[in-house]
Amino acid sequence: ILSRFGVNFEDFAGKTASAASPAETKSPDEIMLSEDAWNTLRSSGIRILPIVGGKGLQVISSVDPELAMKDEDLEKLMMIAPHIISLDLTDSKVSNAGFDFIAKMPNLKKLFLEGVQEVDISGIAKLKDLKNLEYLNLIRVKLEASAVDFLISLESLREVYLFETGLDESAIGKLKTAKPQVFVNSG
1 ILSRFGVNFE
11 DFAGKTASAA
21 SPAETKSPDE
31 IMLSEDAWNT
41 LRSSGIRILP
51 IVGGKGLQVI
61 SSVDPELAMK
71 DEDLEKLMMI
81 APHIISLDLT
91 DSKVSNAGFD
101 FIAKMPNLKK
111 LFLEGVQEVD
121 ISGIAKLKDL
131 KNLEYLNLIR
141 VKLEASAVDF
151 LISLESLREV
161 YLFETGLDES
171 AIGKLKTAKP
181 QVFVNSG
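Residues in the sequence shown are numbered consecutively from 1, following the working numbering.
What you were told as hints is all true, and nothing was included just to trick you.
Only pairs whose alpha carbons sit at most 25 Å apart, straight line, appear in this in silico SDA-like list of lysine to any residue: (1) K76 with Q117; (2) K142 with T165; (3) K131 with F101; (4) K104 with E134; (5) K131 with A81; (6) K109 with D88; (7) K126 with S156; (8) K110 with L33; (9) K128 with A145; (10) K70 with K109; (11) K70 with G45; (12) K93 with L143; (13) K179 with E144; (14) K76 with P50; (15) K110 with P180; (16) K110 with E159; (17) K93 with G166; (18) K131 with G173; (19) K131 with L143; (20) K126 with Q181; (21) K128 with E144; (22) K126 with Q58; (23) K128 with S86; (24) K93 with T40.
Read the hints as simulated data drawn from the structure, not as lab findings.
Let the hints inform the model, and build the full structure from the sequences given.
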């Protein structure tokens, strides 16, 4: 997979995974994994791209419903979890169980959950310890009013999209009042 993004896979062949600190984000050419680990990622069909102009990785689920990411795909990403900055799970098949893996991505700043049908606040609440999460797209994810309290608790949140979530104007208003520095788009 990484060779499609300009990362020379042969440079990593036979090397073992490095023990990067959870807070350390690396560029794709600095990430060292074993050949088996890279093969696992390559065979998964997950799109992994470098962050343009910075360090870290962007992971994108396929738009093809047959190839959309599932919980087990998130588990495969654990070997590069410290390097994932952006995770796009739009229309994926991820469930609440998958958030156990997402919660282990310490440098995650952007999370796109648009149209993910099998999640609710019990899964999303597992993100509470992601101290760097700035952007959250929850468009077409069915939420209860209690989701607002969770969103308020996210210290780094700067942008949230809540169109077609089922949250009423009073819940959206509560979020806007409690977090005036956050851009809230509710449609």
